[in-house]
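**Student:** Here's the letter readout for the chains.
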Amino acid sequence: MNLYKRVLGAVAVSLLAVAWVPQAVAQDNLVDTIKKRGKMQVGFGSFVPWAMRDKQGQWVGFEIDVSTKLAKDMGVAVEFAPTAWDGIIPSLIASKFDVIIGSLSITPVRQEQIDFTTPYSNSGQGIAASKQLASKLKWPEGYNSADVTFTCRRGAAPCKIIEEKWPKASIRQFDDDAIAFQEVINGNAHAVISSEPKPTFFTLKNPDRLFKPSTENVTNSVEGFGLRKGNPAALAYFNEWITKNKDWLKERHTYWFKSQDWASMVP
Amino acid sequence: MAQAPKLTSDVTRARPGPRRRPWGWFDFVLLAAVACFCVYLAWRTNVVFKYNWEWSTLWPFVFRFDTEAGKWVPNLIIEGLLTTLRLAIWGILLAGIIGTLMGLARNSQRLLLRLISGLYVMLIRNIPPVVFVFVFVFFIASQIMPKLALGDVVAGMSSTGQWWVHVFFGSPKLIDNFLLGLLCLSIFSGAYVTEIVRAGLESVPRSQIEAGDSLGFSRLDVMRFVVLPQALRNVLPPMAGQFIQLIKDSSLVSLVSIQELTFMAQDVQVTTQRVFEVFVFVGVIYFVICFALSRLFASLEQRYAQANR
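Chains as they are written, first to last, in the working numbering: chain A, 1 to 267; chain B, 1 to 309.
Hints may be right or wrong, so weigh each one.
[Unchecked claim] With a straight-line cut-off of 27 Å between C-alpha atoms, the simulated DSS-like cross-links for lysine-lysine are: (1) A:Lys35 with B:Lys50; (2) B:Lys147 with A:Lys229; (3) A:Lys35 with A:Lys244; (4) A:Lys138 with B:Lys50; (5) B:Lys71 with A:Lys55; (6) B:Lys173 with A:Lys39; (7) A:Lys36 with B:Lys71; (8) A:Lys36 with B:Lys173; (9) B:Lys50 with A:Lys212; (10) A:Lys72 with A:Lys55; (11) A:Lys55 with A:Lys36; (12) B:Lys147 with A:Lys39; (13) A:Lys69 with B:Lys173; (14) A:Lys72 with B:Lys173; (15) A:Lys55 with B:Lys173; (16) A:Lys136 with A:Lys165; (17) B:Lys50 with A:Lys136; (18) B:Lys50 with A:Lys131; (19) A:Lys205 with B:Lys50; (20) B:Lys173 with A:Lys35; (21) B:Lys173 with B:Lys71.
For the record, the hints were derived by calculation from the structure and aren't laboratory data.
Note that the coordinates shown come from a computational prediction; the quantities given were computed from them, not determined experimentally.
Based on the sequences and whatever the hints tell you, model everything.
**Tutor:** This is the structure we're talking about:
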């Protein structure tokens, strides 16, 4: 047999071998799989104050507290899988991690793709607007005009809200929130919608450039853990954990969202 | 008929030779105009662009002082940089290997090999890199990587073994993540290397191969001693370009959460809210790496040119 046949034969055999190896069956029960493995992989995107880096480069934030406690109660280690927000649901479906605990609002569109637990946190979307461009606009109907430009983080809930509430306005979407805010600060867009307390913090930081047309939330949303479909046992397990830790979750939520006690931890 | 050669030689002589021209007054005018334009741009940016530059928040993410250990340790940006460097080095090696094999296959006498390599190049060169990255990671690699279970393999290794893995591939915990990015980048870049290799092989005149044949060289020896040395010299400049491109393309895999320099930079951006400082700093880092590589290739070219004089 010559070299050509040998090499191609080896390639063909190894390809078949890879296809033949039985896949670890993930469908049986996610909680068992996690316990057997001894670690829970959690997907999330970085987002202040849900999950962010402290001065040591370690993860801190509301989600980090929740994931850490959940893993501890399950008796397993936690492994953080920071994920680009655009790809967070595809990554879950592709089994890159077990669960999304990452400020994922429960929406009907997302529910078609993945399962959500009962809400473990609630949040609201707030607005910050450019003083230079929007100070004369009437809240909220004045913003529904073709001359008004909103910014938001791509793939996040606010973009949808803007489309529904101000259908005439145009939207510019950015990969992360910081740039979406920067555009409004620079006077290139009229307003930005993002999850509170970010709009409030940014307005306090840039009082000469930004203002809040309304201190009330534009909409309110609730967040749940995201799971691949077809895991009823795991869903029930997480739901029970959330119900049992209701007070603890509330206390943590107040700490991260209502207080600024953690401000010295991050740069 | 007698005039024709004379004319050609005149034309040849009239062409500007390698004579170097010193600075003239026109060059200074041009330079001044460019400088004025730059100053104007900087001034406009300052007026339009409201941004308080604040570099001090960035540095702790490059190096931080570990109070427990009492020394400076690398932080996120440097960790990301190391991953990018590992991606670059292994990526160049792997893309080089894939490209050489596929390039040889492109020139093969076997129809099947030509078809396989042709299909590979056609598929990858004609879809945008971002689409390839997503398709590859979510549809192809997610079928293969879990079966390999490399994370478990590494976890089962001795501590010295793990140390070596760490040096070569980065943190064992992220080994799957890293290899995924590496594979994606190499397969993508390999297609371009394939075409460069093919062009290099075709640049060697057929007569050279025939000469080798007539001297009684085997086909492998013709490749090794006649074709490849000449082809290699010819492909060095485009190859340098492709490898530099590979390093810049490595930032694309941040889209699928491979934790390299760009991904880490985005993390730092979100946390510190210092968007432009991070952008600029990371841009400088990429420039330094790519510039160093282009200097390396330039010196390689020079050595080859001298050796083959």
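**Student:** Each hint needs a verdict: does it hold in this structure or not?
**Tutor:** Hint by hint, here is what the structure shows:
1. Using a Cα cut-off of 27 Å, the hinted pair lysine 35 of chain A and lysine 50 of chain B is violated, with the two alpha carbons roughly 51 Å apart.
2. A threshold of 27 Å between alpha carbons decides the hint, and for lysine 147 of chain B with lysine 229 of chain A the separation of about 21 Å falls inside it, so the pair holds.
3. Simply put, lysine 35 of chain A and lysine 244 of chain A have alpha-carbon atoms about 20 Å apart, close enough for the 27 Å limit, and the pair holds.
4. Our distance criterion of 27 Å between C-alpha atoms is met by lysine 138 of chain A and lysine 50 of chain B, whose separation comes to about 25 Å.
5. Taking the CA atoms of lysine 71 of chain B and lysine 55 of chain A, the gap is near 15 Å; set against the 27 Å cutoff, the hint holds.
6. A hinted pair counts as satisfied when its Cα atoms are at most 27 Å apart, and lysine 173 of chain B with lysine 39 of chain A qualifies at roughly 12 Å.
7. Note on lysine 36 of chain A and lysine 71 of chain B: the hinted pairing is violated, with a Cα-Cα distance of about 38 Å set against a maximum of 27 Å.
8. Annotation: proposed proximity of lysine 36 of chain A to lysine 173 of chain B holds, straight-line Cα distance about 18 Å (limit 27 Å).
9. A hinted pair counts as satisfied when its Cα atoms are at most 27 Å apart, and lysine 50 of chain B with lysine 212 of chain A qualifies at roughly 19 Å.
10. For the hint linking lysine 72 of chain A to lysine 55 of chain A, the alpha-carbon distance of about 24 Å falls within 27 Å, and the restraint holds.
11. Proximity of lysine 55 of chain A to lysine 36 of chain A is assessed by CA-CA distance (about 34 Å); at most 27 Å being required, the pair is judged violated.
12. The straight-line distance between the Cα atoms of lysine 147 of chain B and lysine 39 of chain A is roughly 18 Å, inside the 27 Å bound, and the hint therefore holds.
13. Under the criterion of a C-alpha separation no larger than 27 Å, the hint pairing lysine 69 of chain A with lysine 173 of chain B is consistent with the structure, at around 21 Å.
14. Between the alpha carbons of lysine 72 of chain A and lysine 173 of chain B the distance comes to roughly 19 Å, so the proposed pair stays at or under 27 Å and holds.
15. Between lysine 55 of chain A and lysine 173 of chain B the CA atoms are separated by roughly 22 Å; this keeps the pair inside 27 Å, and the hint holds.
16. With a C-alpha separation of about 19 Å, the suggested pairing of lysine 136 of chain A with lysine 165 of chain A holds against the 27 Å cut-off.
17. The straight-line distance between the Cα atoms of lysine 50 of chain B and lysine 136 of chain A is roughly 21 Å, inside the 27 Å bound, and the hint therefore holds.
18. Between lysine 50 of chain B and lysine 131 of chain A, the direct Cα distance comes to roughly 13 Å. Compliance with the 27 Å bound is thereby established for this hinted pair.
19. With a C-alpha separation of about 13 Å, the suggested pairing of lysine 205 of chain A with lysine 50 of chain B holds against the 27 Å cut-off.
20. For the suggested pair lysine 173 of chain B and lysine 35 of chain A, the alpha carbons sit about 18 Å apart, so the restraint of at most 27 Å is met.
21. At most 27 Å may separate the alpha-carbon atoms for a hinted pair to count; lysine 173 of chain B and lysine 71 of chain B meet this at roughly 24 Å.
The structure fails to meet hints 1, 7, 11 from the earlier list, while all remaining hints are met.
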